[in-house]
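A.B. asks: With the hints as your guide, set chain B onto chain A.
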Amino acid sequence: MWSFFHKLGSPPWLYRIAGTILRWLLPLTLVTLAVGLCWGLLFTAPDFRQGNSYRIIYIHVPAAVVALAGYYVMAIAGAVSLIWRMKMADIAMKACAPIGAALTFIALVTGAIWGKPTWGTWWVWDARITSMLILLFLYLGVVALYEAYDNKEAAGKACAVLSLVGMVNIPIIYKSVDWWYSLHQPASIKFTGDSTIDPSMLYPLLLMIGAFYAVFTCCLLMNMRAEILEREARTNWVKKLALEYRA
Amino acid sequence: MYFQSFNEALVMDGHGGYVWAAYAISLLVLSLILLAPRRRQQRFLRQMAGEQKRRQQGPTVNTEVN
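These protein sequence lines map, in sequence, to chains A and B. Residues 1 to 247 (the numbering used here) make up the first sequence, in order. Residues 1001 to 1066 (the numbering used here) make up the second sequence, in order.
The following block holds chain A by itself, in its conformation from the complex (with noise of 0.2 Å):
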């Protein structure tokens, strides 16, 4: 178990873990994309009042989801690396960020199209909506806070208290749509109780979602690779690397 923790912390050993996980994950991650994005756009019916505009849930509620699951990870990535020091915790943290931003710009832009042939509007100023351009300036905080300082670990630990301070963010995204008035509609998938959504389009949904959560993981293994290397470049193990790469 303690040797396990021990490892983690070695980045030759999570560099090559990493790239293990890659070869088989972002192949399979291509293929479940692809066949979830044909599925939604090509083989589910029409939904019986939107019509055809609602396909775009297939990649608005992946990416929302995704976006939000992906600030714990970053949150808690934080925490890790404030409490532990671990260096490999403060990487993923930063590898996190401009995933989690480029997701929740997904989510706002699909949300923003879908909104005006269902809502009649791009955007309208209510909680989720805010809450969620909140979480956007959050995570492009976190980046630009860490390129902002000289001294990595200042920045480190800056990232790691606004990610932290920013979770405050995360239940009030879950919750605006219960505790205000809003166009957004509540969630349909439910753990408990029943789905509001027929499993003809909930399974290509579900794909979906799992999807994301695998683009999610890709992304970070591999940002977490190319910052491995970047703070190891002075290491043999790298320079070793790199002449194999010339090679």
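Keep in mind that the hints were calculated from the coordinates and are not lab data. Just so it is clear, CB atoms sit at the ideal spot from N, CA and C, and this is done for glycine as well. Check the hints yourself; a few may be wrong.
As the list claims (entries may be wrong) - Looking from chain A toward chain B, a few residues come up when the C-beta cut is under 7 Å (computed): (1) His6; (2) Leu42; (3) Phe43; (4) Asn52; (5) Ile56; (6) Ile106; (7) Leu108; (8) Val109; (9) Ala226.
C.D. replies: Structure of chain B alone, referenced to chain A:
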């Protein structure tokens, strides 16, 4: 397939523009975040390899390095 023809899938009863635009933008962003780390890593390794080469060809050759 739900749609009868390619054209029908393109138009989607008037919602085609919205749906296809949403999918296109998402695919673009996803491919950006999937490709960016690989490019970053390759750029770094290329740079490292270049530095090693320069050091080998330099006037003060140290065979111990590398």
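A.B. asks: The structure should be examined with respect to each hint, and the outcome stated for every one.
C.D. replies: Here is what the structure says about each hint:
1. His6: Hint on His6 of chain A: violated, closest Cβ of chain B at ~25 Å, above 7 Å.
2. Leu42: 5 Å, holds
3. Phe43: At about 6 Å, which falls below the 7 Å cut-off, the nearest Cβ of chain B leaves the hint on Phe43 of chain A intact, so it holds.
4. Asn52: 4 Å, holds
5. Ile56: Since chain B brings a Cβ to about 5 Å from Ile56 of chain A, closer than 7 Å, the hint holds.
6. Ile106: 5 Å, holds
7. Leu108: 11 Å, violated
8. Val109: Holds: closest Cβ of chain B sits about 6 Å from Val109 of chain A, inside 7 Å.
9. Ala226: 4 Å, holds
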